[in-house]
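Same order as they appear, the protein sequences are chains A and B. Heads up: the first sequence runs through residues 1 to 87, numbered per the working numbering. Heads up: the second sequence runs through residues 1 to 263, numbered per the working numbering.
Please keep in mind that the hints were generated in silico from the structure rather than gathered at the bench. Please note that the accuracy of each hint is not assured.
[Unchecked claim] Label pairs and their in silico Cβ distance ranges:
{"#": "1", "chain 1": "B", "residue 1": "P215", "chain 2": "A", "residue 2": "E53", "range": "51 to 59 Å"}
{"#": "2", "chain 1": "A", "residue 1": "R61", "chain 2": "B", "residue 2": "L218", "range": "41 to 49 Å"}
{"#": "3", "chain 1": "A", "residue 1": "T15", "chain 2": "B", "residue 2": "T55", "range": "47 to 55 Å"}
{"#": "4", "chain 1": "B", "residue 1": "V28", "chain 2": "A", "residue 2": "R61", "range": "52 to 60 Å"}
{"#": "5", "chain 1": "A", "residue 1": "E31", "chain 2": "B", "residue 2": "L89", "range": "43 to 51 Å"}
{"#": "6", "chain 1": "B", "residue 1": "R52", "chain 2": "A", "residue 2": "P30", "range": "56 to 64 Å"}
{"#": "7", "chain 1": "A", "residue 1": "R61", "chain 2": "B", "residue 2": "L23", "range": "50 to 58 Å"}
{"#": "8", "chain 1": "A", "residue 1": "R83", "chain 2": "B", "residue 2": "P215", "range": "38 to 46 Å"}
{"#": "9", "chain 1": "A", "residue 1": "P30", "chain 2": "B", "residue 2": "P80", "range": "50 to 58 Å"}
Quick caveat, the model's predicted, so the values are computed rather than measured. Just so you know, even glycine gets a beta-carbon here, dropped at the ideal spot from N, CA and C.
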Amino acid sequence: MQQDIQKDIIDTVNTALAEEFELDAEAMKPEAHLFNELGLDSLDAVDMVIVLEKAFGCKLRDEQAIREIRTLGDLYAFIETKRKELE
Amino acid sequence: MTEVPPPEAAPPAASRRLGPSALVMSAVVYPLLILQTLAFVLLAPIVLPLARLATGRPMDRIVRYFIRFYGQVWMVLIAPFTRFEKIDLALDRFPQPCIIVLNHRSLFDIFCMGALPFSNGGFALRSWPFRMFWYAPFMRLARYVDMESLGREEGLLRCRELLAEGISLMFFPEGHRSRDGRLGRFYSGAFKLAVETNTPIVPVCISGTDHLLPPGALLMAPTTIRLQALSAVDPSTFTGESGHVALRKTVKAAMAEALEKQR
Numbered sequence: 001m002q003q004d005i006q007k008d009i010i011d012t013v014n015t016a017l018a019e020e021f022e023l024d025a026e027a028m029k030p031e032a033h034l035f036n037e038l039g040l041d042s043l044d045a046v047d048m049v050i051v052l053e054k055a056f057g058c059k060l061r062d063e064q065a066i067r068e069i070r071t072l073g074d075l076y077a078f079i080e081t082k083r084k085e086l087e
Numbered sequence: 001m002t003e004v005p006p007p008e009a010a011p012p013a014a015s016r017r018l019g020p021s022a023l024v025m026s027a028v029v030y031p032l033l034i035l036q037t038l039a040f041v042l043l044a045p046i047v048l049p050l051a052r053l054a055t056g057r058p059m060d061r062i063v064r065y066f067i068r069f070y071g072q073v074w075m076v077l078i079a080p081f082t083r084f085e086k087i088d089l090a091l092d093r094f095p096q097p098c099i100i101v102l103n104h105r106s107l108f109d110i111f112c113m114g115a116l117p118f119s120n121g122g123f124a125l126r127s128w129p130f131r132m133f134w135y136a137p138f139m140r141l142a143r144y145v146d147m148e149s150l151g152r153e154e155g156l157l158r159c160r161e162l163l164a165e166g167i168s169l170m171f172f173p174e175g176h177r178s179r180d181g182r183l184g185r186f187y188s189g190a191f192k193l194a195v196e197t198n199t200p201i202v203p204v205c206i207s208g209t210d211h212l213l214p215p216g217a218l219l220m221a222p223t224t225i226r227l228q229a230l231s232a233v234d235p236s237t238f239t240g241e242s243g244h245v246a247l248r249k250t251v252k253a254a255m256a257e258a259l260e261k262q263r
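Input sequences plus hints: build the corresponding full structure.
Encoded structure:
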């Protein structure tokens, strides 16, 4: 069950970001650095939050934790924690 | 909504051949460009207020006209070394106001906007062009939008205000100059703005400026610059939360196809 939830989160995050930012599916690994490897930048940061809020239906933009996210893995973990808080 | 296939990227631009003509062109055009810029900067405090007095038009409108004229003078300066091909660059291609999206290959792409058939257009740009102190005052007077410094919300708010006043906006959706001639990733800002404000997008394709002066190069090289306006894209059919993504894909595919044909 835990793995299903994680897979769901990973798939949703990957699909949303790949579509918004034209990312290659192959590059979307948990260890991939959002800025250094996936090529996102300061202009993308706000869009990333908006896209994820739409994908998961919850507010993320005021979270201090999201500012500390560096890799896709950090992002999956953040979303999972956020989901658990809302359950 | 029609699913759009991913655009085929253009192959890398052919390598530049720098011969004596490049040396002559650089030796002639760079000093003329400096002289032209000095003349415009020094004349501006006289010419701009006089033009405002004579025409009664707002200063930002006059400065946008002045900047376009600067681009036109530059095109005359490099004309002995460069051929300009304008394809469908007619006024009826540009609904007013519109959002123009351009591919980006060289510092001189922005100068080529002197070839547009209208002058009432501003740019939405990243921060670094605003750090060129000799251009920055004119960019600010013309109400160009510094998207990076203002932040997304404030930047798009300024863009919406300009569009509401009938001023067209130009974007380089790649954000950076292409290093290999291929279309890079497109940022979504222009497309979100088009969907939100129901403003038509006019894609304009530029090729040849990467031969004239690509990123990192110092010598200009003679070339042919092609500027092609594609058909305006109506954003009203791109609805839903991902409307801007579909619009972006459609525009990028059209630009990739046109750039491939220009080769």
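Tested hints:
The hint said 51 to 59 Å for the Cβ distance between B:P215 and A:E53, and at roughly 35 Å that hint is violated. A:R61 and B:L218 have their C-beta atoms about 44 Å apart, which keeps the hinted 41 to 49 Å range intact. At about 53 Å, the beta-carbon gap between A:T15 and B:T55 stays in the expected band of 47 to 55 Å. For the pair B:V28 and A:R61, the beta carbons lie near 53 Å from each other, so the given range of 52 to 60 Å is met.
Checked against the hint of 43 to 51 Å, the C-beta distance between A:E31 and B:L89 comes to roughly 47 Å, which is consistent with it. At roughly 59 Å, the beta-carbon separation of B:R52 and A:P30 lies within the given 56 to 64 Å, and the hint holds. The hint said 50 to 58 Å for the Cβ distance between A:R61 and B:L23, and at roughly 54 Å that hint holds. Between A:R83 and B:P215 the Cβ separation comes to about 43 Å, which falls inside the hinted range of 38 to 46 Å.
For A:P30 and B:P80, the Cβ-Cβ distance of about 57 Å falls inside the hinted range of 50 to 58 Å, so the restraint holds.
Checked against the numbered hints given earlier, this structure breaks only hint 1.
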